[in-house]
Amino acid sequence: MNNAPHIEVRDLTMAYGDFVVQRDLSFTVNSGDIFVIMGGNGCGKTTLMRHLIGLQRPARGEVFYHGEDFWNAAPEERERMKRRLGILFQGGALWSSLTIAENVALPLGEYTALPAGKINEVVSFKLALVGLAGFEEFYPSELSGGMRKRAGIARAMALDPEILVIDEPSSGLDPLIARRLDDLIMELRNSLGTTIVVITHDIASILTIGNNSIYLDTERHTMIATGNPRTALEHGAPNVRRFLSRGEVRA
Amino acid sequence: MQAITGYFFLIRESPYFYEHAPRPGRPIRQSGNKAIMNTQALTEPGPAWRLTTRKLSDKELEVTLSGRWCLNEQLPPVRELEAAFFEGLTTLRVVVTELGEWDTGLPAFFAGVVKMGAERGFTVEQRGLPEGVERLITMAFAVPEQAVAGRRARPAGLFDRVGTATMEFFRTAPEMIRFLGEITLSFGRLFTGRARFRLSDLWLEIEEVGPRALGIVSVISFLVGLILAYLGADQLKMVGAQIFIADLVAIGMVREVGALMTGIIIAGRTGAAFAAQLGTMQVNEEIDAFRTLGISQVDFLVLPRMLALMLMVPLLTLYASFVGMLAGLLVSATIFDIGMFEYYTETLRSLTLKHFFVGLSKGTVYGAMVAFSGCLRGIQCGRNAEAVGRAATSAVVTGILLITITASLMTIIFYRLGI
Numbered sequence: 065m066n067n068a069p070h071i072e073v074r075d076l077t078m079a080y081g082d083f084v085v086q087r088d089l090s091f092t093v094n095s096g097d098i099f100v101i102m103g104g105n106g107c108g109k110t111t112l113m114r115h116l117i118g119l120q121r122p123a124r125g126e127v128f129y130h131g132e133d134f135w136n137a138a139p140e141e142r143e144r145m146k147r148r149l150g151i152l153f154q155g156g157a158l159w160s161s162l163t164i165a166e167n168v169a170l171p172l173g174e175y176t177a178l179p180a181g182k183i184n185e186v187v188s189f190k191l192a193l194v195g196l197a198g199f200e201e202f203y204p205s206e207l208s209g210g211m212r213k214r215a216g217i218a219r220a221m222a223l224d225p226e227i228l229v230i231d232e233p234s235s236g237l238d239p240l241i242a243r244r245l246d247d248l249i250m251e252l253r254n255s256l257g258t259t260i261v262v263i264t265h266d267i268a269s270i271l272t273i274g275n276n277s278i279y280l281d282t283e284r285h286t287m288i289a290t291g292n293p294r295t296a297l298e299h300g301a302p303n304v305r306r307f308l309s310r311g312e313v314r315a
Numbered sequence: 005m006q007a008i009t010g011y012f013f014l015i016r017e018s019p020y021f022y023e024h025a026p027r028p029g030r031p032i033r034q035s036g037n038k039a040i041m042n043t044q045a046l047t048e049p050g051p052a053w054r055l056t057t058r059k060l061s062d063k064e065l066e067v068t069l070s071g072r073w074c075l076n077e078q079l080p081p082v083r084e085l086e087a088a089f090f091e092g093l094t095t096l097r098v099v100v101t102e103l104g105e106w107d108t109g110l111p112a113f114f115a116g117v118v119k120m121g122a123e124r125g126f127t128v129e130q131r132g133l134p135e136g137v138e139r140l141i142t143m144a145f146a147v148p149e150q151a152v153a154g155r156r157a158r159p160a161g162l163f164d165r166v167g168t169a170t171m172e173f174f175r176t177a178p179e180m181i182r183f184l185g186e187i188t189l190s191f192g193r194l195f196t197g198r199a200r201f202r203l204s205d206l207w208l209e210i211e212e213v214g215p216r217a218l219g220i221v222s223v224i225s226f227l228v229g230l231i232l233a234y235l236g237a238d239q240l241k242m243v244g245a246q247i248f249i250a251d252l253v254a255i256g257m258v259r260e261v262g263a264l265m266t267g268i269i270i271a272g273r274t275g276a277a278f279a280a281q282l283g284t285m286q287v288n289e290e291i292d293a294f295r296t297l298g299i300s301q302v303d304f305l306v307l308p309r310m311l312a313l314m315l316m317v318p319l320l321t322l323y324a325s326f327v328g329m330l331a332g333l334l335v336s337a338t339i340f341d342i343g344m345f346e347y348y349t350e351t352l353r354s355l356t357l358k359h360f361f362v363g364l365s366k367g368t369v370y371g372a373m374v375a376f377s378g379c380l381r382g383i384q385c386g387r388n389a390e391a392v393g394r395a396a397t398s399a400v401v402t403g404i405l406l407i408t409i410t411a412s413l414m415t416i417i418f419y420r421l422g423i
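Chain order of the listed sequences is C and Z.
Going by my numbering, the first residue of the first sequence is number 65, and it counts up by one from there.
Going by my numbering, the first residue of the second sequence is number 5, and it counts up by one from there.
No lab work stands behind these hints, which were simulated from the structure alone.
Any given hint could be a false lead.
With a straight-line cut-off of 25 angstroms between C-alpha atoms, the simulated SDA-like cross-links for lysine to any residue are [claimed, not checked]: (1) Z/K119 / C/N94; (2) C/K146 / C/N94; (3) Z/K119 / C/E166; (4) Z/K119 / C/A177.
The whole structure should be built from the sequences, with the hints applied where relevant.
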């Protein structure tokens, strides 16, 4: 079973009622991949994420984790599979009534047997990793947008998930912090073997960290498998090259 | 003091006996060895984490980590090391050997040791830490910790709290008055035709607060009318004048209770909604967007809501009074043997126009009070989900408080005026 790819999506069709967002999506994400989901605004990137993490049921098609069918599994099985995921939502989605430290501590308190003192240590370390050491006692409303995003990443990786799903990590971050975050993402992959699925528009980041990718086409409502983004920039389909070069290459 | 060139430790209890042979001639230190064992049963293969400490000299302490360091085990807090600390400790040597599986539990532990070293003034050296852990720790220490003083909430004493509450009152009271002033100015602009808001908004609000509230207003005023009738029947029976139930219900509903009950229903139903709407807009910076465009948020958001309530609450009051009287009629006719026609003529005889004037003016004022408190709390709302909840609660409380205060004031004034 462990030979199966970490995430496999087969013939996935996503729709809101009659409106088909994307159809016939098929791709695999291997263990230790940094998998980039690219595409224009409104092409369904976040919707795809919601299908992967169990928030929205596909109109058609399947999602497999390590060869296990996610959507056709029993609810408690699905809960177990979901626990392997760490998710950063686009807006951070921090719980506003909890401090930053409490936000990161909550999953640790729920799903590990660590004593409270140990949880605080782990929380401090995770916050330090995203450059927020010392902000433990702040409430989300007291932080800037970029800080909230980073705190969201700290919460997403609280449990050292097998798969980290990150929606727009670098939007709202200054270039230096965005770069640091890229380094962190790569380090998590290198040292912990985390599989990372990242939705981003940041071309520099896509080309630096991604080793596999898909492009969701807005007009044709389906995907283009693009492989390594650096190769796609040179040899990919015209609209992918256009996307990756910010319109410099004429389609 | 001896130079440490070789490491030796021994844990007899452990099935994973490990011995690094000491160099010849080096004394074996066994006394003072401490082993903290993880006794938790493992579900996954591989030895559990182990942490042993050994005093190397008067200045040096060796801490040895091995086994599996994952968050799903009961990892030890760094503080547990303190038991092994001694006076004059200057160097802590962390040795990692026979490491099993690890995740961020390991770097978190090591980072905690380094932090503790910085606090207590000893240096931390390490050997055998995986490269990945080292890199993660480097990343964690790349941004210096933000020193934020006084973040932790201290328990406030009685005086402290009373003082804070008083200052809060003197801060918010002028805010209320200023808001009242802004609304007055906005009404001035409305009457001179310069207020900027959309008529469609006004109609939407009117529909929301008026027709959609008919159901709940009907139920409550019917029951209140019934209560009034029973109350009157009991008291008037003693003087044999049960026909005056009609007067009691009619005047009571039209003058006071109709408006009061409607006001309270609207405060709970609409006042809370206004506060939540405007509060969420505050969270989303929508109100700031109006402000930067030079559009008065009072004109655009508060005025239509205020107008809608001031128009609809009197109408709802009238309706509530009617339903209340209907309840009185039904109760009197079926239970207290008063003829329907008698009740009807007695009601007509008791009601004069001035009672309607009193009821309608109260309805209008209560509507304004509810809109005022709802919009005020919405605009004052903070920028998070909790604040929106507080704004809605506070809008209802303020609304009902204002309604009861004005109700008593107006009752006294109308009595003095003989209306």
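Here is what the structure says about each hint:
1. The suggested pairing of Z/K119 with C/N94 is violated, with an alpha-carbon distance near 37 angstroms, which exceeds 25 angstroms.
2. For the hint pairing C/K146 with C/N94, the CA-to-CA distance comes to about 17 angstroms; that is within 25 angstroms, so the pair holds.
3. In summary, the hint linking Z/K119 to C/E166 is supported, as the alpha carbons are separated by about 21 angstroms, within the 25 angstroms threshold.
4. At most 25 angstroms may separate the alpha-carbon atoms for a hinted pair to count; Z/K119 and C/A177 meet this at roughly 24 angstroms.
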